[in-house]
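Peer 1: Produce the entire structure from the sequences given, and follow the hints as far as they go.
Order-wise, the sequence lines are chains B and X.
The first sequence begins at 119 in the numbering used here and counts up by one.
The second sequence begins at 26 in the numbering used here and counts up by one.
Take the hints with a grain of salt, since some may be wrong.
What the hints assert, rightly or not - Derived BS3-like pairs: lysine-lysine, alpha-carbon spacing no greater than 30 Å straight-line:
(1) B:338 x X:148
(2) B:323 x X:108
(3) B:338 x X:155
(4) B:323 x X:107
(5) X:163 x X:152
(6) B:323 x X:225
(7) B:338 x X:151
(8) X:155 x B:323
(9) X:91 x X:151
(10) X:163 x B:323
(11) X:148 x X:98
(12) X:151 x B:323
(13) B:338 x X:107
(14) B:338 x X:310
(15) X:157 x B:323
(16) X:91 x X:152
(17) X:228 x B:323
(18) B:323 x X:134
(19) X:332 x X:98
(20) X:310 x X:91
(21) B:338 x X:152
(22) B:323 x X:91
(23) X:224 x B:323
(24) X:157 x B:338
(25) X:104 x X:134
Claimed, not checked - Have a look at the derived ranges for each label pair, beta carbon to beta carbon:
(26) B:415 x X:231: 42 to 52 Å
(27) B:373 x X:106: 53 to 63 Å
(28) B:125 x X:217: 45 to 55 Å
(29) B:128 x X:225: 51 to 61 Å
(30) B:232 x X:98: 32 to 42 Å
(31) B:318 x X:43: 12 to 22 Å
(32) X:209 x B:332: 27 to 37 Å
(33) X:225 x B:224: 47 to 57 Å
These are computed hints drawn from the structure, not numbers from a lab.
Backbone N, C-alpha and C define an ideal beta-carbon position, used for all residues, glycine too.
Chain residues, written in single-letter form:
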Amino acid sequence: MSYLIKRLFTMFVTLWIIVTLTFVIMHMIPGDPFATDAKSLPEEIVQNMREKYNLDKPLPTQYFLYLKDLVQLDLGPSIQSKSRDVNSLIADGFGLSALLGIQSLLIAIVVGIGLGVIAALNHNRLLDYVSMFIAIIGISVPSFILAPLLIKYFAVEWGLLPVAAWGTWSHSILPTIALAVSPIAIITRFVRASMIEILNQNFIKTAEAKGLHTWEIVIKHGLRNALIPVISFIGPLFAAVITGTFVIEKIFAIPGIGKYFVDSIFNRDYPVILGTTIFYSAILIITLFFIDLLYRVIDPRIKIASGGDS
Amino acid sequence: MSHLLEVDDLKVSFHVSSGEIQALRGVSFHVNSGETLAVVGESGCGKSVTAQAIMGMIPSPQGRVKEGRILFKGQDLTKFNKKQFRSVRGSEIGMVFQDPMTSLNPTMKVGSQIDEVLVKNQKLSKKEAKQKTIELLKLVGISDASSRYSQYPHEFSGGMRQRVVIAIALACNPELIIADEPTTALDVTIQAQILELLKKLQKERNTSIMLITHDLGVVAEVADRVAIMYAGVVVESGRVEEIFENPKHPYTWGLLNSVPKLESSEKERLIPIEGSPPDLFAPPKGCPFAERCPFTMEVCLEHMPGKEVFSENHQARCWLNDPRAPKNEELIAAGRE
Chain B
119 MSYLIKRLFT
129 MFVTLWIIVT
139 LTFVIMHMIP
149 GDPFATDAKS
159 LPEEIVQNMR
169 EKYNLDKPLP
179 TQYFLYLKDL
189 VQLDLGPSIQ
199 SKSRDVNSLI
209 ADGFGLSALL
219 GIQSLLIAIV
229 VGIGLGVIAA
239 LNHNRLLDYV
249 SMFIAIIGIS
259 VPSFILAPLL
269 IKYFAVEWGL
279 LPVAAWGTWS
289 HSILPTIALA
299 VSPIAIITRF
309 VRASMIEILN
319 QNFIKTAEAK
329 GLHTWEIVIK
339 HGLRNALIPV
349 ISFIGPLFAA
359 VITGTFVIEK
369 IFAIPGIGKY
379 FVDSIFNRDY
389 PVILGTTIFY
399 SAILIITLFF
409 IDLLYRVIDP
419 RIKIASGGDS
Chain X
26 MSHLLEVDDL
36 KVSFHVSSGE
46 IQALRGVSFH
56 VNSGETLAVV
66 GESGCGKSVT
76 AQAIMGMIPS
86 PQGRVKEGRI
96 LFKGQDLTKF
106 NKKQFRSVRG
116 SEIGMVFQDP
126 MTSLNPTMKV
136 GSQIDEVLVK
146 NQKLSKKEAK
156 QKTIELLKLV
166 GISDASSRYS
176 QYPHEFSGGM
186 RQRVVIAIAL
196 ACNPELIIAD
206 EPTTALDVTI
216 QAQILELLKK
226 LQKERNTSIM
236 LITHDLGVVA
246 EVADRVAIMY
256 AGVVVESGRV
266 EEIFENPKHP
276 YTWGLLNSVP
286 KLESSEKERL
296 IPIEGSPPDL
306 FAPPKGCPFA
316 ERCPFTMEVC
326 LEHMPGKEVF
336 SENHQARCWL
346 NDPRAPKNEE
356 LIAAGRE
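Peer 2: What follows is the structure, encoded as C-alpha cells:
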C-alpha cells in the first residue's frame with residue numbers, strides 16, 4: 119500500500135516537472151501566437167488579445183496562473199481555434215486516436231509475438247530470415263509511403279475499403295494497418311531476441327527432458343519469460359500509439375488529436391502545446407504504472423511489498 | 026544378461042563454421058538395472074554430450090550422431106524420431122541437471138513444474154497430479170510440501186531446488202536417471218545430502234543412475250561401476266573397487282593422484298596432470314592421452330590402443346597393458362604413487 123502512495127506521489131512530481139519544462143522551453147521558442155496575424159491586425163487588437171490570454175503578464179505569473187487552472191483540470195482556451203478550449207479539443211480527438219491506437223497495438227502484439235516466436239524457433243533458418251525481412255521492411259518503410267500505397271490498392275483499385283475520412287468502423291481498417299506495421303516490426307525483433315535467449319536457458323532443457331512437445335515448451339515455459347523484457351517496451355509504445363499520429367491522421371483525414379501536437383507548435387498555440395504534452399505525459403505515466411503492476415503479475419520474483427527496487 | 030542401457034561405439038560430431046568437432050569418438054559402456062554408473066572425466070571430454078545423445082537432445086542442426094547405437098531396453102535410441110523421444114523422456118529416462126539455480130522455470134510455481142510431467146506422461150488429472158506432486162516433494166525431503174507446492178523457485182535454496190529437479194526426474198518412476206553433475210553447483214554439506222537422497226531413492230525404487238561427474242569423491246560415495254572418459258572415448262571402466270584399487274590406465278592414475286588423501290599426515294602436494302586435452306577438431310590418430318602421459322611409447326602416437334579386458338567388468342585402453350609392452354612394472358608402480 120505504501121508502495122502505491124509513493125508511486126502516486128512520484129507520478130505527480132514527474133508530471134509537474136514535465137509541465138514546468140514544457141512551459142519554459144515553449145516560451146524559449148522565438149515568435150508568439152499572433153506573429154502571423156500581427157501585420158494585418160491593428161496594434162490595439164493584438165494588445166487586447168494578449169491580455170485575454172494573459173500573455174501580457176510576466177512569465178512567472180503566467181506559469182502560476184496556468185498551474186492554478188491545471189489543478190482544476192482546466193487546460194485553458196485554444197488561441198488558434200477560437201471559442202474552443204483545449205479540454206474539448208482533446209476530448210473530441212482522443213476517442214478516435216485511442217480506438218485506432220488500441221486496434222493497431224492489439225494487431226501488433228499478436229502478429230509481432232507470433233512472428234517473433236516463429237523466427238526464434240527457426241533461428242538462422244529460412245523462416246527466421248523471412249520474419250526478419252518482414253520486420254526490416256516494416257521498420258524502414260515510413261508510414262507516409264505505406265499509407266498511400268494501402269489507399270491506392272485497397273481503396274482505389276480494388277474498392278474494398280473507404281479511401282479516407284471517418285465514419286463507420288471500416289474507415290478505421292486501413293489507418294489501423296498503416297499504424298500497426300512499425301510496432302509489428304519492432305515487437306517481432308524484440309520477441310525474437312528475447313525468445314532466442316530464453317530458449318537457451320537451462321530450464322528449457324529441463325522442460326525438454328520432461329518429454330514436452332515443442333509448442334508446450336514455448337507457450338508454457340518460453341513465452342512468459344520472454345515477454346518480461348518486451349512488456350517494458352510495449353508501455354511507451356502504447357502511450358505513443360493511442361495519442362494519435364500526425365502523419366496517419368493527416369493522410370486519412372481523421373480528426374484525431376495527433377495533428378494538434380504538430381499544429382500547435384507551428385502556431386505557438388501555447389495552451390494547446392501544454393495541454394497535449396501534459397495529456398500525453400499523463401497517459402505515458404499512467405501506462406508505465408500499469409506496466410509495473412503487470413510486471414509483478416508476470417514475474418513472481420518482483421514483489422510489490424519490497425518497494426519496487428527488487 | 027542384457028543391459029538396461031548399452032552405448033555402443035557412439036560417435037557424435039558438431040559441425041561449426043571452422044570445421045568438425047569430434048565430441049564423441051566411439052564411446053561404449055553399459056548400465057545394468059538397479060546400479061549406478063559414474064561417468065568421470067574432465068571438462069570437454071564428452072560426458073554431457075553422451076547424456077544429450079541418450080536423451081535425444083544434441084543441439085541440432087550442428088550436432089548429430091554419426092555412428093553407433095544407444096540401446097535402451099533393447100531399442101536403438103539413435104533411430105528414434107522426435108515423437109518417440111518424447112515418449113521416453115521424462116517417463117522412462119529422467120534427467121537431473123547440473124545447475125539447480127537455472128534448471129527451474131522462474132515464473133512457474135514449483136508444484137506446477139512437477140505436475141506437468143505427471144499430466145503429460147501419466148495422463149493424470151490436475152488434481153491427481155497435485156496429490157502425487159506433494160507426495161514427491163515429501164519423498165525428496167521437502168518439508169511443508171503442500172505450502173511449498175505453490176511457491177516459486179526463487180523462494181527455494183539451491184539444495185531445495187535440486188531436490189525439486191530430482192522430484193521432476195523421479196516423477197514418472199523412470200528406469201534410468203541421468204544425473205549430469207547434480208552436485209557440482211552445491212556446497213559440500215548439501216552435496217552429501219543430495220547424494221544420500223539419490224542413493225536412498227535408488228534403493229527404494231531400484232532405479233538405475235548414470236551419474237556424470239568429475240568428482241572422484243562423489244564416485245567413491247555412490248557408484249557401483251565407473252567409466253573414465255578422455256577426449257571422447259572411454260579409456261577405462263570397471264567396478265568402483267577395481268578402478269580405485271587397481272587402475273590400469275595412466276589417466277586414471279593421474280586422476281587419483283590429483284585427489285587429496287585424508288590419511289596422509291604430511292603436507293603432500295597434489296599432483297596435477299600436466300598439459301591439456303587434445304583438440305577435438307583434429308584428434309590425434311594414436312592414444313589421445315599420449316601427449317600428457319609419462320609412459321608414452323612410439324606405438325601410442327601411431328595407433329589407438331584396443332580394449333584390454335582384466336575381469337568381467339574391468340577394461341582399459343592403454344598400450345601398457347598389451348602383452349607386448351615392456352614390463353616396466355617399477356615405473357608403472359612409481360606412476361601410481
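Peer 1: So which of the earlier hints does this model not fit?
Peer 2: Result: hints 9, 14, 16, 25 break, sorted rising.
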